[in-house]
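Whenever a hint applies, use it, and build me the whole structure from the sequences.
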Amino acid sequence: MIKGVIEGSFHITGGDFTNAGIASSEVKSILTGLGISSDIVRRAAIATFEAEMNVIIHAVAGVMHYYVSSERIRVVINDMGAGIPDIEQAMQEGFSTAPDWVREMGWGAGMGLPNIKKNSDVFRLESAVGEGTTLEIILNLREEDLHEAE
Amino acid sequence: MTLIQIIEILEARVVFGPNADETEILSVCASDLMSDLLHFSVRPKAMLITGLTNSQVVRTAEISEIKAVVFVLDKTPEREAVELARQKNIPLLVTRLSRFTACGRLYSEGLRSCTGEDR
Ligand SMILES: Nc1ncnc2c1ncn2[C@@H]1O[C@H](COP(=O)(O)OP(=O)(O)O)[C@@H](O)[C@H]1O
Ligand SMILES: [Mg+2]
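Top line first, the protein sequences correspond to chains A and B. If you number the first sequence the way the working numbering does, the last residue is 151 and the count never jumps. If you number the second sequence the way the working numbering does, the last residue is 1332 and the count never jumps.
Mixed in with the good hints, there may be bad ones.
Per the computed footprint, the stretches of chain B lying under chain A, defined by three or more beta-carbons under 8 Å from a beta-carbon of chain A, are [claimed, not checked]:
#1 1242-1251
#2 1276-1282
Below, simulated SDA-like cross-link-like pairs (lysine to any residue); rule was C-alpha separation at most 20 Å, straight line [what the hints assert, rightly or not]:
#3 B:1258 x A:41
#4 B:1301 x B:1227
#5 B:1301 x A:43
#6 B:1258 x A:33
#7 B:1258 x A:40
#8 B:1301 x A:31
#9 B:1280 x A:40
#10 B:1280 x B:1307
#11 A:118 x B:1253
#12 B:1301 x A:33
#13 A:119 x B:1328
#14 B:1301 x A:34
#15 B:1288 x A:104
#16 B:1280 x A:44
#17 B:1301 x A:18
#18 B:1258 x B:1307
#19 B:1280 x A:38
#20 A:118 x A:73
#21 B:1280 x B:1328
#22 B:1301 x A:44
#23 A:118 x A:43
In case anyone wonders, no lab produced these hints; they're calculated from the structure. A virtual CB, placed ideally from N, CA and C, is assigned to each residue, including glycine.
And the structure:
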């Protein structure tokens, strides 16, 4: 049973590839600890990891907030950065503005936003050019997705 | 197939290898693109074959629940990658073989893609 809303947040620093993924990894273990089924945890972890990487690759700094209740997992990622001029284009599979050195590290395939959308039930992306980007994702939980945490 | 068998087939050296005799691998993905892995590595008990050696490879394995990582062409993973693998208990192997040969050997021994094709 999850009582009330469990929440927390992590700072994400643009360009910090050394610590890339720590926030998502923490969220993943928190969700696992709450007894949420592994399939949902995996989807949430993939979505938050791609979102975290987008801040690291494309923005200056950001914050990831998570809110978990017995009904849903909600994650909001807010960043300061260049923003996205054309969201429809950014959502296309394979579209990426990542530079070559990022590609050489294994990122910049242009599959991040589509992956996030695929793994969430609600996906909201808003951006202001020159200011920053806000991404909100929700994964709905059903009763059978929750089992007793150890 | 156990990780011990895979070590033999790939003539691999073990960088970090907890419980290699108990780790079961049922499918394989070969990629240097992290988002492709996050998109396609849907099968449980998958192993990754890659030419990238940075810590994000291990992080991606952790997030997508990939059970082990093999580095091809004798590439040694970076120190941060090994550290993270120890923390998260993800075995790391290095083979001198190319991707093509590594995949070919495992395919002919019966392993199939983590995408689920060709079963
Ligand atoms: N937080 C962000 N800030 C600025 N631009 C972004 C952000 N997230 C995504 N983008 C833009 O959208 C494009 C597509 O994103 P994505 O699908 O994750 O692919 P990738 O990160 O591999 O380039 C990026 O290349 C970038 O131009
Ligand atoms: Mg991305």
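Here is what the structure says about each hint:
Look at the region 1242-1251 of chain B against chain A: 6 of its residues bring a Cβ nearer than 8 Å to a Cβ of that chain, three or more, so the hint holds. Coverage of the region 1276-1282 of chain B by chain A holds in this model, with 3 residues showing a Cβ closer than 8 Å to a Cβ of that chain against a need of three. Straight-line distance between C-alpha atoms of residue 1258 of chain B and residue 41 of chain A comes to about 17 Å, which keeps the hinted pair within the 20 Å bound. Using a Cα cut-off of 20 Å, the hinted pair residue 1301 of chain B and residue 1227 of chain B holds, with the two alpha carbons roughly 16 Å apart.
Proximity of residue 1301 of chain B to residue 43 of chain A is assessed by CA-CA distance (about 15 Å); at most 20 Å being required, the pair is judged to hold. Of the supplied pair hints, the one linking residue 1258 of chain B and residue 33 of chain A holds, its CA atoms being roughly 18 Å apart against a limit of 20 Å. For the proposed pair residue 1258 of chain B and residue 40 of chain A, the alpha carbon gap of about 14 Å is at most 20 Å, so the pair holds. Under the criterion of a C-alpha separation no larger than 20 Å, the hint pairing residue 1301 of chain B with residue 31 of chain A is consistent with the structure, at around 15 Å.
The straight-line distance between the Cα atoms of residue 1280 of chain B and residue 40 of chain A is roughly 16 Å, inside the 20 Å bound, and the hint therefore holds. Simply put, residue 1280 of chain B and residue 1307 of chain B have alpha-carbon atoms about 15 Å apart, close enough for the 20 Å limit, and the pair holds. Only pairs whose Cα atoms come within 20 Å are accepted, and residue 118 of chain A paired with residue 1253 of chain B is accepted, the gap being roughly 14 Å. Taking the CA atoms of residue 1301 of chain B and residue 33 of chain A, the gap is near 14 Å; set against the 20 Å cutoff, the hint holds.
Among the hinted pairs, residue 119 of chain A with residue 1328 of chain B is consistent with the structure: their alpha-carbon atoms are about 16 Å apart, no more than 20 Å. With a CA separation close to 16 Å, the supplied pair residue 1301 of chain B and residue 34 of chain A stays within the 20 Å bound. For the hint linking residue 1288 of chain B to residue 104 of chain A, the alpha-carbon distance of about 18 Å falls within 20 Å, and the restraint holds. For the hint linking residue 1280 of chain B to residue 44 of chain A, the alpha-carbon distance of about 17 Å falls within 20 Å, and the restraint holds.
A C-alpha spacing of about 18 Å is found between residue 1301 of chain B and residue 18 of chain A, which places the hinted pair at or below 20 Å, so the restraint holds. Distance hint between residue 1258 of chain B and residue 1307 of chain B is fulfilled; the C-alpha atoms sit about 19 Å from each other, no more than 20 Å. Between the alpha carbons of residue 1280 of chain B and residue 38 of chain A the distance comes to roughly 18 Å, so the proposed pair stays at or under 20 Å and holds. A distance of roughly 16 Å separates the Cα atoms of residue 118 of chain A and residue 73 of chain A; the hinted pair therefore holds under the 20 Å criterion.
Only pairs whose Cα atoms come within 20 Å are accepted, and residue 1280 of chain B paired with residue 1328 of chain B is accepted, the gap being roughly 15 Å. In summary, the hint linking residue 1301 of chain B to residue 44 of chain A is supported, as the alpha carbons are separated by about 19 Å, within the 20 Å threshold. The suggested pairing of residue 118 of chain A with residue 43 of chain A holds, with an alpha-carbon distance near 14 Å, which does not exceed 20 Å.
Hint compliance for this structure: no hint is broken.
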